[in-house]
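K.L.:
Modelling step: build the complete structure from the supplied sequences, incorporating the hints.
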Amino acid sequence: MMRVRPARMSDLDRLVDLASSASKGLTTLPANRDVLEARIIESIKAFGTETDGPGGESYFMVLEDTANGKVAGTCAIYAGVGLSKAFYNYKILKLTQYSHELNVTVTSRLLTLVNDYQGATEVGTLYLDPDYRKDGNGQLLARSRYLLMGCFKERFSEMVMAEMRGWQDENGKSPLWEALGSHFFNIPFPDADYISGVGNNQFIADLMPKYPIYIEMLPKAAQDVIGKTHDETRPALNLLKKEGFRFSNAVDIFDGGPCVDVRLDDIRTIRHSKIATIRKIVDRTPSMERHLACTLELSGYQASWLYMNVVNSTHVDLDRDQAEILGLRAGDQIRFVTD
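Following my numbering, the numbering of the sequence shown begins with 6 at its first residue and continues without gaps.
Because the hints were derived from the structure by calculation, they are not lab data.
This structure is a prediction, so every number in the text was calculated from the model and none was measured.
A hint or two may mislead.
25 Å max Cα-Cα, derived SDA-like pairs, lysine to any residue [to be verified]:
| no. | residue 1 | residue 2 |
| --- | --- | --- |
| 1 | Lys285 | Arg325 |
| 2 | Lys279 | Phe157 |
| 3 | Lys233 | Asn254 |
P.N.:
Okay, here's the thing in structure tokens:
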């Protein structure tokens, strides 16, 4: 059985291994033991702290194979980005100019440095061990975040966003970085991306151009990748689109990857979920259907694919073996997705 739960300090060694095997483009999961340890500490605090609104909390979770205790994936929610450190993007704006003398209209696209997402909730750090990319594990990992947000809406912003990795060639080069960012930072693209990913982004405010960039003045190769997702990131983007996320006309300042967003209450998993009471714990039967579900306790949060019979709009019967693993009993409540 696979379940998502909050990361623990005992997961650290395995998380370092996972981060080492992950793509370098996943900057929020760096192969840095100290950074990962700090992430776990921050998350433990977030899961154990009372709050009446989103702040700088980060909820770091792992996918665990309960058969052997192996951690097979990661995901995270950042409750309010840009509150303690600015969170920058490029906004794509249009400028139309008209000359009466020449009777010519020119429409230009501009990249403008903004921090419009200040205070928004970000979902990210989604990584799944290649050996476990099956049986709906990717969906479980990704959608467990939305179930958590649905249970504790007061902890998150009304606006939820995700920043996707931008397109790079087979050598890891970003055409947008080569055409733009490299002229302002005297460091390689992976270094700038890493520094920003671990939260040290003051250098962006210090060095990035403050005036709009005319996209048409960039090389064609750079223009073509603005808003284009990295090939390896397309599955994650597809999952986000199914939840209702849409391109926001904002892109990553380094590689031009698209930013997508959605209102919290419009997220599909949240809209199609409901709370039910466990009527009975029973042996699994052929009539049971598999539903994505989660527990309702924050500090002991768990999410999994659970076999159940939906008795009525408020009650379910739950598979005995799975209930035992999650510590659930008759009378407990769960949130589950109806489709």
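K.L.:
Determine for every hint whether it applies to the structure shown.
P.N.:
Verification of the hints:
1. Lys285 with Arg325: holds (9 Å)
2. Lys279 with Phe157: The hint holds at about 13 Å.
3. Lys233 with Asn254: holds (11 Å)
The structure is consistent with each of the numbered hints, conforming to all of them.
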